[in-house]
Amino acid sequence: MSDTKLKSRPESVLEDPGARAVATLYAESYLSAAAANGQSAPEQELDSFVDDVLGRFTEFAAILMSDAVGRDEKLDLINRVVSVRSSEFFANFLRVLARHGRLDMLPVIREVVKRLQEQAAGKQRVRVRVARSLSQTAREQVRTSLRQAFGFDPILEESVDPALLGGMVLQVGDTVFDSSLRSRLKTLQGRLVEKAFNEIQSGRDRFSHPEGD
Amino acid sequence: MKFKADEIASVIQKEIEDFRGLMQTAEVGRVIEVGDGIARCTGLSTVMSGEMVEFSGGTRGFAFNLEENSVGVVILGDYLKIKEGDEVRSTGKLLSVPVGEALLGRMVDPLGVALDGRGPVITSESRPVEWQAAGVAERQPVKEPLQTGIKAIDAMTPIGRGQRELIIGDRKTGKTAIAIDTILNQKGTGVICVYVACGQRASSIAGVVEVLRQNGALDYTIVVAATSSDPAPLQYIAPYAGAAMAEYFMYQGKHTLVVYDDLSKQAVAYRQLSLLMKRPPGREAFPGDVFYCHSRLLERAVKLNKELGGGSMTALPIIETLEGEVSAYIPTNVISITDGQIYLEPDLFWKGIRPAINVGISVSRVGGNAQTKAMKKIAGSLRLDLAAFRELEAFAQLGTELDKATQAQLDRGYRMVELLKQPQYGPLHVADQVVAIYAGTKGYFDKVPVNRVQAVERELHEFIRTEHADMRDKLVAEAALTDEIEGMLKKALEAFVARQAAKG
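Protein sequence lines correspond, in order, to chains A and H.
For the first sequence, the positions run 1 to 213 when our numbering is used.
For the second sequence, the positions run 1 to 504 when our numbering is used.
Be aware that one or more of the hints could be misleading.
Derived SDA-like pairs (lysine to any residue); straight-line CA-CA distance at most 20 Å [claimed, not checked]:
# : chain 1 : residue 1 : chain 2 : residue 2
1 : H       : Lys-14    : A       : Thr-187
2 : H       : Lys-187   : H       : Val-211
3 : H       : Lys-404   : H       : Gln-454
4 : H       : Lys-93    : A       : Asp-174
Source of the hints: derived by calculation from the structure; they are not laboratory data.
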């Protein structure tokens, strides 16, 4: 999967909001055009193109995404190489992208297509960060309680971060639910420091002149 | 003091036993771009404009630009530790600063963190930095005087409590000196002062604090310092933070004075932020809302009505001009917002007329309402007399032959100019000012050589204080020049003139 290759860039670069907004536009149009044309599984062809063609023939991908190659040449290439082997609908989609110089967005568009389809199916991604990998029962528990709390079908994206010490951190959309041991300890530390600080302050005030120095 | 280890251990144990780690919920985003004191973040989809956010390292910032796909965050503090991909949390709170009595006598940065090395500021109260100014119904007209202790100002451009009086002039013309003298003169009047240093050199701020300390003015003063080496965001919020600190006292019914030194540097800091945030530049590359930036700040100066306690906040914004250019963008803006301006000129300053106030174009739109009766009575004609004197002086320089009356008027004028000079850090009580100006306008100084006027004036104050203290006390108490007091004053002045003549 091309995912491994993309990971070499920092995760946040992928989140370039401008590019994502554009990709969302293309992804939405792709899906609605597919529905109008009676395409049953438009994501499969997109997946296959990104993984099996672009992923395997990196030089071909480089030609398609390069700015050094002109628009007409890219269109020619799509006509000769892709359109004879793909559905006419998908070839048209590629031509639109080529005409607008957005072929380099294919991986992002594919990502967004996947998200949109998940959303349509009532699913949502939830990032789960844990100190140790979850057992199957714990995973089911998390899934059930998320379903009960939010009313959607969660897709868990697990990652293990030993620095959390224990507990877990859930992220749904932009909201983070943090019940890790690390942040609990941090809160406790803050309170202890504050207490000690007040003690010291009152001790200091006891010895100083009330009128100031 | 010795710590008892087991005592502390038991306290900690109890804390841990009682500790219920609740789940923390927060809205987060990620930094996608950072530099020059600003960061662009994704996520944070419900963040409010002006809301405080926290970066993963603990640095704070506030949401400045809410865009379609990202949020522009202004970083308050060290931005070099923030990296791309860092987590940002919204806090649900507006940017606030600590306020209260604990701040008096302290020097803090615009976030309320102590800078004077005397430990942290302990106060439980805080106020949002941005606060809606009092409305029309909550105000009353400005009519109580705020004495600056400077003869030229109190007599000709009087400042009232709740007024906004601009101090404008080139560099090195004594703008800060006027503000500092005004703060010094508030000693014993119950007026709480806030000095906001924005974009100043750290050395000059240290100098100001030292002067305040030496004169015992630090006890009722808060110094908010954002030096020129502080990041632009801190310089930008410093005046608002100072206003918030003063407002706390104002809404308790107390009188406050805030000096913004200076707003041209704040405008420059705001311009930097706006340009980095890609807001479109306008005239002189300032953003379009730089006017609002100052107007909403100065509008917070107010005299509250009786129901709200009758407190007041007087603002003395300072603007530095370049080569006397008052028609530049920021000076015209602030002139139009304020209720008058004190214009300082380098020419006068180098001629030795200090404070170097150009009385011709300095005005106070509140006018005589903000003067005591005594001052109003004697200062009424002073401005016109001085204007007439300036005209005559121009003629006299042409070497025209002058008649006796004109020559007398000229001589009186020279002495009045001399009388309005005043040394730095030497504010005068309004009663002393009345005595001096009365003596000048009624001709009691006419026999004194021009170069000795200041020395004789000092002797006069000494004379009144030692030998006619009853008259001075009466003047202080009544604050009006009744016939009785005027009679006593006349007698005292005649005695003084006689003594001077005898000394010869």
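Hint check results:
{"no.": "1", "hint": "H:Lys-14 x A:Thr-187", "in the structure": "15 Å, holds"}
{"no.": "2", "hint": "H:Lys-187 x H:Val-211", "in the structure": "13 Å, holds"}
{"no.": "3", "hint": "H:Lys-404 x H:Gln-454", "in the structure": "25 Å, violated"}
{"no.": "4", "hint": "H:Lys-93 x A:Asp-174", "in the structure": "17 Å, holds"}
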